[in-house]
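Participant: Given next are the chains, with one letter for each unit.
There are 2 protein chains.
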Amino acid sequence: MFETAELGQSVDKKAFAKQETKLRARLLELQYRALNLERFPVLIDFAGVDGAGKGTTVNMLNMWMDPRWMYTVGYRAPTEEESAHPRFWRYWRDLPPKGQTGLYLSGRYSRALVKRVYGELDATAFDERLAQIIRFENALVDDGALILKFWMHLSQQHQKARLEALAADPALSYRVKESDWRNHDNYEDFIDAGQKIISRTSRGRSPWHIIEGVDANFRHLEVGEIIADELARHLDDHERAIGAAKSTSAPESGSVATKTRSRTVLDKLDLSLHVTKREYRRKLEEYQARLGELGRAAAKEGLSSVLVFEGSDAAGKGGAIRRTVWSLDARWYRIFQFAAPTDVERAHHYLWRFWKKLPRAGHTCIFDRSWYGRVLVERNEGFATEDEWRRAYAEINDFEQQIVDRGTVLLKFWLQISKEEQLARFEARANSEYKHWKLTDEDWRNRERWDEYQAAAHDMVQYTNTREAPWVLVEADDKRYARLKVLNTIIEHLETQLEASSG
Amino acid sequence: MFETAELGQSVDKKAFAKQETKLRARLLELQYRALNLERFPVLIDFAGVDGAGKGTTVNMLNMWMDPRWMYTVGYRAPTEEESAHPRFWRYWRDLPPKGQTGLYLSGRYSRALVKRVYGELDATAFDERLAQIIRFENALVDDGALILKFWMHLSQQHQKARLEALAADPALSYRVKESDWRNHDNYEDFIDAGQKIISRTSRGRSPWHIIEGVDANFRHLEVGEIIADELARHLDDHERAIGAAKSTSAPESGSVATKTRSRTVLDKLDLSLHVTKREYRRKLEEYQARLGELGRAAAKEGLSSVLVFEGSDAAGKGGAIRRTVWSLDARWYRIFQFAAPTDVERAHHYLWRFWKKLPRAGHTCIFDRSWYGRVLVERNEGFATEDEWRRAYAEINDFEQQIVDRGTVLLKFWLQISKEEQLARFEARANSEYKHWKLTDEDWRNRERWDEYQAAAHDMVQYTNTREAPWVLVEADDKRYARLKVLNTIIEHLETQLEASSG
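Residue numbers (our numbering), protein chains in the order written: chain A, -10 to 492; chain B, -10 to 492.
Since the hints were derived computationally from the structure, they do not count as laboratory data.
Please read all numbers here as calculations on a predicted model, not as lab measurements.
Treat the hints with caution; some may be incorrect.
Since copy identity is lost for identical chains, a pair holds within one copy or between any two.
Claimed, not checked - As a list, the in silico DMTMM-like pairs of lysine to aspartate or glutamate whose alpha-carbon atoms are at most 25 Å apart:
id: 1; residue 1: 346; residue 2: 357
id: 2; residue 1: 345; residue 2: 467
id: 3; residue 1: 408; residue 2: 440
id: 4; residue 1: 2; residue 2: 274
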């Protein structure tokens, strides 16, 4: 696989100077075009053999292009903050906004590579890691991102020569670490694992480019030319798509293919379920005491929870959330409300704002509405295209899988009320002195489209009700019944999880 | 001072239930009013004697009010991430947006208190810490924030009884830590330091409220009533101010008191300074090599730098920044461009967005435009009131003092060009194929008001040129001269700082 990168290609100083001038002007122009278009982020990943010059090429790119819109990250072992979150949290955190470029060293691939070589990952775990990376890249590419991956290669002889030359130069010897020599001794294993990475993750929309690393001039130009070519192509594609969208009349948004179903999974719920006031009081007190204990145990064990609340307007999400947190210590939970994204959030992938809010170890995060907005309101109001919300089911499943993999308890509550009950609650709000602010024109508009929203919720449950991250459908016409069911569900899951971790 | 909090005040269960219902409705209504007004954040701080029930009262407030717009933070010893930033970084990070409430436990006061009692801070350092806290609070209060501070008191006997009762209860004994007993033995020292805190930091606009902590019912109600009263008063004040602003005709914005000076500090610069192309090449190479070395040494030593670039449009900030970073490793620096604030940023104090970007230890942050926008563009375009930009000088000096206190190198470059040179550069941009995007209508508009901007820059240098964070005025009609001066200045400061830390 790497034979094509052992050809001894090089570029002399004069030829380099000439080509560099042209390439730089081209790169700058393309960078500004991307910046003005503001349609997609560019991610450039560098991996490969130690000493193959990844760092110097990255610095050269920062010199050639305008560094004010570039963001270079070199990953090290996860910090305390990073370890307290799911594995990909830091990669999501470091994504560039649309129009800008991120350069990544020792990133998602390099860490998997080193762990595989030194046996921290067996073949199966390594495969799983690569599959995770592919899903991460697909989610971004589907959203329009340009991903470029460079594998810098050196033969074992050249690697040895490079390390020896660096070590001999007093000004550069600091660059050679003991681990470099250890890696050199394991050269063959690195090559094997590298081949596996490239063959498994070189896919149509984010292929690997293998670069001969020996000669710096050749390497810089090669990488620069590929970036320029791919960026130009990507820009052309996007500009063409915008042009096409403008010339054909846009399909009516909102009306996209939302078949309303005659019967949804939600219709099967028995909304007459209720509890008496007396029983409610007794059980509420009991559940809250128990939840308080479990909350303290979870904080102590470092067990995190993510609790998602969805449901139609006036379904009682706020009330259920408040009863849930009553017995928890306010220092250990945080409630996030999600409405329309802010301007910065809109400049990123839609999952970005949720990734940033995931809890640290031991903490509980409650999402009052969530990433499911993508397949509910964004679907029904036409804010997401059909292609976007359809692929969101898989993206969400993957996102949740990673939360669960971190050992986090993830529960998703859908609070279901009848159309009649909603009307009654709207009217009560309109007449209440300090609840009327809760009722907006938009609520009435959404109510008009009740059936579409029920259909979207049905699909959502159908596609995202996984064993690891189940939906809990809550019969909520009786607020008391709903609150107790929510509390009891949380208690049961925390108990199971705490027993599993202590047992 | 604390005698008024040893009166044995209590509230029985029945009276509590009655008052609680009324208080809760009032608090909720006020909370929603503040949320709708969206004009100021509320910060509530809890400090005082161990075991006086701070935590339970905070949880009660979260129960009474709507926790979705409240944010409770309990500080512990700084994390790795927090230690790598200036001391107040985490307090700035955790500020609530306008309309919402933050509740703070073991915050800025409690940490200073414990350190004073155990001798980590001597009397002078403790005073300095309190003065820092006052400046922090003033910056927020000046911006409209409501700050409430509660000191929870217990007599030594009551503290002992409380700790013993907790320790005896199997369900609650986890709350009593060894450090609580140690603190109990040092009760007198705590009281002394507490008195000092209260007398020094109880100021007109953010006074301390001393609360008798023995009886939970009394304590909850007392705190709740004070919050309700103060919040109501603050809301009334704000609503009145808005009404008043609407009824009187607004003063012409932009024209506020900007006397244009006949001669500014910038006029004294010799803009004919220049270097030949040959000398430039030679020195640039030399400086960049040196800066590369120093950059690596700084990363190794954990020395951070903050480099601020300001200047009129087309003064050459971008070019100087690019030459600065050329020889630095892209993993260790980050360039931030600042234009108009985003919607989330606008919902916070204007310094908030800059606090969040301060570098970790060992990193370099370059600010392409900065917090000085407050006293330049915001002043001249009327985005800040005269009161706001005038007090900004002191706020900025304090902000920078804290950056410098962390051991960070802070340099501020003002790139000065003549009005004629600006015109020449504008015209060159308009005619250049890939630079014309850089020139906007706004640039031409700002040019119309050249004298006002020069006057604002003069005032800025006058008020914020401190010994710790000096302004470097750069003669920039000759780009080459300007770039060398910038590089050389950075080199000199890094050398001094690195010598000081190693010596």
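Participant: Each hint: holds or not?
Facilitator: Hint by hint, here is what the structure shows:
1. 346 to 357: within (12 Å within a copy, 28 Å between copies)
2. 345 to 467: Neither way: residue 345 and residue 467 sit 34 Å apart in one copy and 45 Å across, limit 25 Å.
3. 408 to 440: within (10 Å within a copy, 65 Å between copies)
4. 2 to 274: between (79 Å within a copy, 17 Å between copies)
The earlier numbered hint that this structure contradicts is number 2, and it is the only one.
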